[in-house]
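So the chains spell out like this:
There are 6 protein chains.
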Amino acid sequence: MFLPSKILEKKLLRMLAEDIGQGDVTTALVIPPNSTTEVEVIAKESGVIAGMEEAKILLESLGLEVENLVSDGEEVKAKKALMKISGDTRTILSVERTLLNIISRMSGIATITRKLIEKIRKAELKTKVACTRKVAPGLLYLDKKAVLTGGGDTHRLHLDDMILIKDNHIMVVGSVEKAVKTVRKNVSFSKKIEVEVTEVEDVLNAVNAGADIIMLDNFSAEQIEKAVKILKNEHLYGKVLLEASGGITAENILAYASTGVDVVSLSEITASAKALDISLEITKTKASKKTGN
Amino acid sequence: MFLPSKILEKKLLRMLAEDIGQGDVTTALVIPPNSTTEVEVIAKESGVIAGMEEAKILLESLGLEVENLVSDGEEVKAKKALMKISGDTRTILSVERTLLNIISRMSGIATITRKLIEKIRKAELKTKVACTRKVAPGLLYLDKKAVLTGGGDTHRLHLDDMILIKDNHIMVVGSVEKAVKTVRKNVSFSKKIEVEVTEVEDVLNAVNAGADIIMLDNFSAEQIEKAVKILKNEHLYGKVLLEASGGITAENILAYASTGVDVVSLSEITASAKALDISLEITKTKASKKTGN
Amino acid sequence: MFLPSKILEKKLLRMLAEDIGQGDVTTALVIPPNSTTEVEVIAKESGVIAGMEEAKILLESLGLEVENLVSDGEEVKAKKALMKISGDTRTILSVERTLLNIISRMSGIATITRKLIEKIRKAELKTKVACTRKVAPGLLYLDKKAVLTGGGDTHRLHLDDMILIKDNHIMVVGSVEKAVKTVRKNVSFSKKIEVEVTEVEDVLNAVNAGADIIMLDNFSAEQIEKAVKILKNEHLYGKVLLEASGGITAENILAYASTGVDVVSLSEITASAKALDISLEITKTKASKKTGN
Amino acid sequence: MFLPSKILEKKLLRMLAEDIGQGDVTTALVIPPNSTTEVEVIAKESGVIAGMEEAKILLESLGLEVENLVSDGEEVKAKKALMKISGDTRTILSVERTLLNIISRMSGIATITRKLIEKIRKAELKTKVACTRKVAPGLLYLDKKAVLTGGGDTHRLHLDDMILIKDNHIMVVGSVEKAVKTVRKNVSFSKKIEVEVTEVEDVLNAVNAGADIIMLDNFSAEQIEKAVKILKNEHLYGKVLLEASGGITAENILAYASTGVDVVSLSEITASAKALDISLEITKTKASKKTGN
Amino acid sequence: MFLPSKILEKKLLRMLAEDIGQGDVTTALVIPPNSTTEVEVIAKESGVIAGMEEAKILLESLGLEVENLVSDGEEVKAKKALMKISGDTRTILSVERTLLNIISRMSGIATITRKLIEKIRKAELKTKVACTRKVAPGLLYLDKKAVLTGGGDTHRLHLDDMILIKDNHIMVVGSVEKAVKTVRKNVSFSKKIEVEVTEVEDVLNAVNAGADIIMLDNFSAEQIEKAVKILKNEHLYGKVLLEASGGITAENILAYASTGVDVVSLSEITASAKALDISLEITKTKASKKTGN
Amino acid sequence: MFLPSKILEKKLLRMLAEDIGQGDVTTALVIPPNSTTEVEVIAKESGVIAGMEEAKILLESLGLEVENLVSDGEEVKAKKALMKISGDTRTILSVERTLLNIISRMSGIATITRKLIEKIRKAELKTKVACTRKVAPGLLYLDKKAVLTGGGDTHRLHLDDMILIKDNHIMVVGSVEKAVKTVRKNVSFSKKIEVEVTEVEDVLNAVNAGADIIMLDNFSAEQIEKAVKILKNEHLYGKVLLEASGGITAENILAYASTGVDVVSLSEITASAKALDISLEITKTKASKKTGN
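Chains as they are written, first to last, in the working numbering: chain A, 15 to 307; chain S, 15 to 307; chain Y, 15 to 307; chain B, 15 to 307; chain W, 15 to 307; chain X, 15 to 307.
No lab work stands behind these hints, which were simulated from the structure alone.
A couple of the hints might just be wrong.
A pair holds if it fits inside one copy or across any two, identical chains being indistinguishable in the list.
To be verified - Within a straight-line C-alpha distance of at most 16 Å, the following computed EDC-like cross-link-like pairs (lysine to aspartate or glutamate) qualify:
1) K20 <-> D102
2) K133 <-> E265
3) K20 <-> E74
4) K180 <-> E295
5) K129 <-> E265
Turn these sequences into a full structure, and let the hints steer you where they fit.
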């Protein structure tokens with residue numbers, strides 16, 4: 015999930031442009047044109063930091079100097095300085111809120127993702143924790159990147175990178191089996207096929223029809239264990255990947271992770287993430303002596 | 015905060031485009047070209063609905079027929095059908111996630127906003143509840159619109175619509191008084207001037223320098239009461255608006271609202287909103303008999 | 015009204031792109047690839063210069079070196095050199111017309127704005143001179159910025175930064191009073207409310223309903239004086255701002271400014287501005303000795 | 015200069031979007047959602063109308079019904095109704111200013127263009143009146159289209175559609191002759207070659223080097239007559255086109271047109287055009303009885 | 015690879031906009047405003063048609079009526095009418111070239127793709143024919159869609175939908191084995207891993223390190239057979255997919271397809287496709303009797 | 015056809031963005047963040063190189079260092095190194111395919127163009143070789159620029175730069191004569207008028223009606239010679255330009271060029287160009303020792 019800076023820059027500048035509107039009227043009136051400032055971005059609470067790369071790209075595109083003091087994915091304590099920025103005061107104060115919104119949201123997502131993974135790792139399980147496409151609308155890139163920074167699995171990046179046959183597809187087609195077979199016949203060799211099943215009975219059908227991954231949707235942990243047992247009986251366990259999804263929360267994630275599935279996925283890490291509290295503090299400021307312009 | 019549909023449509027289609035990428039490969043393989051479907055959007059939990067207008071604009075721009083069953087701002091119980099959609103099955107399934115992400119996020123924000131306001135109204139207080147610019151990056155319009163739908167105050171829509179002198183502006187300039195005076199001298203007659211103060215002592219300075227609104231930043235409820243008393247003593251209470259901001263949460267909001275301030279503002283309703291659980295269910299589907307194309 | 019350079023750059027490059035089309039065919043044929051040139055931008059007539067900041071951002075984004083010899087808002091005589099530019103000859107000649115169009119239009123607006131203000135200041139009046147939203151379509155930012163540079167008031171920057179209830183709003187709602195009251199009930203605390211009145215009788219209604227600013231639309235100077243007298247009688251003069259608008263020209267502006275209004279606004283400074291005559295002259299040119307590439 | 019509506023629509027919607035910002039806050043508060051209105055666009059002064067086509071495309075893209083009562087290029091008296099619009103009140107009031115700005119500017123340009131042409135035609139001259147590329151920045155399409163509507167010649171539409179060797183090109187290359195020859199050797203067969211000359215002496219050089227059009231830049235009418243005589247002596251008059259440019263105004267245009275040139279071009283019709291006074295008046299309004307949504 | 019029309023429309027209109035520039039000057043001068051026309055798009059040579067869906071979306075977005083007479087993927091003989099279009103003459107003539115360029119290029123690609131596949135199917139082989147990312151720059155969507163329409167495999171749609179470790183990645187990392195293992199450890203469960211090998215020796219290493227697909231790059235048919243034999247000896251044949259790539263042409267494709275690989279991929283079907291000859295012919299035209307506007 | 019780099023950059027980055035999607039997942043997993051690399055772009059076959067300027071602009075916009083080893087238009091042998099690039103490894107590998115696609119396509123077009131021109135020059139003819147607007151959709155700029163680099167004539171750059179009355183225009187209007195006369199009456203003095211004729215008989219009509227250029231469409235070489243003779247008889251040969259178009263290929267181009275026409279135009283050099291084989295090879299790579307960020 016590497017984007018050349020220039021491509022990322024465009025996405026980030028669009029966010030800034032919305033926030034600026036016709037211009038920052040306060041800064042224009044309060045801050046003289048040639049003032050320069052040094053500031054620090056500070057974590058006000060502990061967490062896993064994400065968005066440092068994005069922040070740097072945004073700030074540098076505005077002509078500011080940036081030194082990142084932590085790397086994406088690093089866990090920090092409250093009061094930790096994350097980044098030093100220096101340059102034109104007006105520019106810094108105009109970008110402040112957009113900058114903090116990016117780091118706060120992404121770090122909030124990375125933090126909850128990491129916490130869930132650590133819970134699972136402490137139980138000595140290897141189950142992956144994945145997000146879904148339930149993100150803030152338009153923030154697919156930032157939200158998925160933050161999950162990745164937290165150690166999670168991004169799942170599909172959008173609708174073109176894996177086949178995922180969902181309940182509504184199946185309802186149109188008629189059955190899990192028919193849907194998977196139709197896809198298997200025409201799909202590009204480059205793509206995996208995942209299918210959502212809502213009944214234990216459909217698990218075998220899905221595997222036999224040629225699915226690479228089975229999403230066990232809204233199953234209880236017990237139902238999943240039953241599905242695992244069926245696959246083991248048929249010597250199919252381990253031949254396909256199993257993903258548990260739906261109804262999984264921070265509270266019950268361990269129960270799901272213990273069932274033998276390869277992946278647990280949950281939407282709350284992106285759709286309901288709590289932003290990490292981050293602020294920007296001035297450490298030095300001075301009016302420029304430059305004249306003319 | 016009225017946007018002609020065509021302008022909104024563009025913002026919404028950009029969200030969809032990101033999610034689609036080079037195309038929905040699953041739907042292309044599973045669903046035949048001329049199938050049509052009727053679906054309902056269903057609230058899976060109770061809350062205040064927002065985003066119905068945006069959803070309708072997005073769907074109609076794609077050639078789908080839409081009937082909204084509830085209006086923005088309406089409070090619904092779980093299982094309530096919000097919207098009927100009919101038209102091309104492939105289009106419906108490709109837009110499903112973007113559609114739900116919009117309604118879920120906006121309804122989540124409207125729901126928590128309404129809840130806080132009702133808490134305050136039950137205590138028979140008229141204090142306004144406002145959001146801040148701490149939104150998901152790039153979602154200023156959607157997030158502010160959702161707050162409005164929930165009954166809250168949008169505060170600044172971006173950096174050009176009111177003067178808000180913040181701590182960092184003051185640090186560059188030297189003092190609250192100096193900052194406000196500088197602004198007052200040059201500001202457009204069309205704009206209000208708000209200034210953030212962090213010390214009780216600065217409240218009077220701010221008012222005397224010509225501020226229209228005082229933001230009491232990170233004050234305890236007790237400090238605010240002290241500030242109110244000072245203003246009353248000087249017969250200035252009621253001449254300026256008072257906004258309490260910083261550290262306000264669902265738990266302590268009533269204490270703040272009771273101090274005599276006009277507005278309490280808090281970022282968690284936008285920056286850390288829990289998405290409302292919404293889903294899309296097929297009610298009827300059929301293959302088209304149209305041939306040729 | 016401060017925009018970070020990168021955001022402004024995008025607006026300015028779009029202007030250039032329209033003018034270039036598929037490429038400058040003349041320059042491509044006449045000027046060899048590695049030629050470099052030094053040029054000066056010269057005022058051909060006296061006036062108040064605006065657009066220097068925008069020009070610099072545009073030129074630097076193209077890789078040219080720029081030295082501004084005057085600042086925005088400075089008054090210059092004919093023949094004054096405003097700016098030195100050096101760099102790739104092809105680039106300079108391709109951007110020449112877009113560059114001059116920006117400075118010419120903005121300086122034309124700044125010049126007429128300043129002239130009107132000076133007329134008023136000479137009469138020892140403090141009345142503000144504001145523009146309206148009657149600008150060249152799509153040039154809201156440039157035109158308003160030029161007014162500001164000339165010393166004028168920008169009035170609303172677009173439709174989201176102040177409430178301005180116009181004649182057509184009132185016609186739909188029924189009365190000035192009803193319109194203002196409706197707004198007052200629901201408006202964000204961050205916004206001022208202005209209302210347009212066309213009858214002297216409505217001035218008091220507007221104030222009593224809660225307007226912050228009264229726009230006296232198409233009033234004669236005598237009618238305005240009558241309105242001022244009424245407000246004074248009610249001890250309301252000074253409690254609201256008064257804006258005279260409609261029918262105001264360079265000729266009669268002093269009569270209006272003398273009535274006691276706070277602001278006179280007129281559209282001709284933006285909608286019918288005469289461009290200042292500006293040209294670009296080569297001071298040094300040489301073919302590059304660079305070979306290969 | 016025909017643009018399919020959909021392509022024009024995009025340019026026009028961008029103008030509207032700038033003016034709307036995050037939304038029309040006044041209309042949102044004052045006008046209820048389902049109100050519909052009928053309005054007329056009225057000329058407040060006499061002139062040649064332009065921009066009707068653009069206006070219609072913009073309005074129809076917003077879902078409004080439009081009936082144009084005059085055609086582009088028609089001359090109207092004051093008080094003439096130009097257009098009827100009906101539909102959603104909020105949309106009409108939000109687009110009002112952008113709509114009027116387009117028609118006002120374009121009609122202003124068409125009016126002055128037509129006036130100059132009529133002056134020349136009354137003198138029974140066939141000289142064409144052309145604009146230059148000195149337009150409001152970014153408004154090349156609208157300004158040129160308005161000149162065309164007024165009966166003028168658009169000259170170059172941008173930098174790719176004709177060769178025009180200007181003074182600065184010549185200064186880099188060394189001489190008119192050298193510049194024209196260089197171009198003639200490599201130019202596409204599809205393009206005409208025009209060259210700017212500042213000395214009578216260069217006219218013959220330019221023709222002999224292969225120019226199709228000679229721009230006589232900043233010549234007095236007498237100098238032009240001298241140039242014409244030289245060409246006639248050499249039996250070259252009529253073999254190339256002659257354009258007089260620079261210093262031409264409404265006052266002296268007839269003197270220039272009488273010299274025997276084919277074209278007179280002047281920038282003031284686009285760069286310093288006075289907007290025609292146009293307004294929008296409500297003729298009928300009603301709240302919708304539609305409920306729900 | 016299904017894109018909702020509105021998303022596709024935007025891509026297609028951008029192509030049209032580039033071709034139109036500031037407007038179709040010929041059509042504007044020759045064709046009167048209210049003329050309507052019926053035309054047919056005709057195949058001038060036989061082939062497999064692609065781009066009908068894209069063409070329809072583009073034309074309908076311009077307000078034209080369209081009837082497709084053949085479906086994407088249909089094979090036609092010369093002189094076959096593909097599509098009827100009716101509507102505004104100016105619009106039809108302005109879009110003609112862009113329309114034909116889309117259908118010509120896409121049909122050219124579909125035709126050569128189909129031809130290669132039929133060659134292979136006639137030999138009773140099931141080998142898939144895939145394209146690569148060697149497309150006309152910026153035409154990834156259209157070119158891949160055309161391959162699909164011809165019956166080919168799209169391979170990666172862009173850089174985010176499968177892991178493909180190429181020679182240059184391996185050169186940086188050091189070895190096929192190390193590269194595959196690094197990826198396997200961190201890759202999303204949703205993605206397949208393909209690796210390019212240039213030596214027969216590396217095939218086993220790649221499989222053992224965990225690759226899902228092996229690209230045999232620039233192997234001769236004999237080398238591929240050797241690699242297949244090695245895999246069979248190790249009972250690994252059939253456990254991974256094999257793709258032959260590099261140096262494959264219409265001439266030798268059968269030799270490669272016969273080696274036992276699953277996929278043959280070649281760039282010439284997209285990078286060097288011959289456009290199918292398609293034209294647009296008027297069948298009926300009439301001036302509109304509509305007056306005024 | 016000179017575009018300032020910044021304008022070109024935008025077009026080129028859009029191509030890259032399509033290819034990257036949500037990010038290069040392979041490079042992100044395989045290549046560590048601070049690795050730097052030196053690479054060379056190598057011609058794998060001989061040809062005329064084009065796209066070096068575009069490539070350099072794209073790469074430099076991504077922060078890479080570039081040294082072009084050949085200039086646009088230079089003819090090279092196989093194995094020739096065209097360009098050295100150094101910088102961030104991830105960025106280089108992510109842009110590799112887009113970069114090569116640009117150079118390959120443009121060089122393929124330049125190579126075939128040059129070959130045809132040399133064929134004609136060897137026969138000591140001066141006939142120009144022009145392309146048409148039959149390009150890859152959306153690639154008008156790149157394809158025309160490549161033709162120019164190969165020594166060809168770009169013909170119209172889009173629909174606004176010359177009048178070209180085609181068969182379909184004539185069918186609507188009624189006759190060649192009527193179409194040309196209509197245009198001649200209203201056309202801008204800045205534009206040439208070309209008209210397509212399909213019958214020898216129409217050639218004189220076209221010239222007499224005022225056309226500057228006659229396109230002899232789908233004429234055999236013999237028919238063209240007949241047309242030339244007619245013009246000579248009327249002493250009109252040499253007064254207008256003659257373009258042969260339609261049915262011209264690499265095989266018969268000499269026959270057409272020998273007929274006395276000024277220009278031969280053919281679509282296959284752009285619409286069916288074979289991409290030149292170009293590759294990118296790493297010459298040096300190292301992990302950065304930079305830590306932190």
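Verification of the hints:
For a Cα distance limit of 16 Å, the shortest separation of K20 from D102 across copies, 13 Å, qualifies, whereas the shortest one inside one copy, 21 Å, does not. Only within a single protomer do K133 and E265 lie at most 16 Å apart by alpha-carbon distance; the minimum there is 10 Å, versus 28 Å between protomers. Proximity of K20 and E74 under a CA criterion of 16 Å is satisfied in both settings, with 11 Å inside one chain copy and 10 Å between copies. Taking the closest pair of Cα atoms, K180 and E295 come within 16 Å of each other only across two copies (11 Å); inside a single copy the shortest separation is 47 Å, beyond that limit.
Taking the closest pair of Cα atoms, K129 and E265 come within 16 Å of each other only inside a single copy of the chain (12 Å); across copies the shortest separation is 25 Å, beyond that limit.
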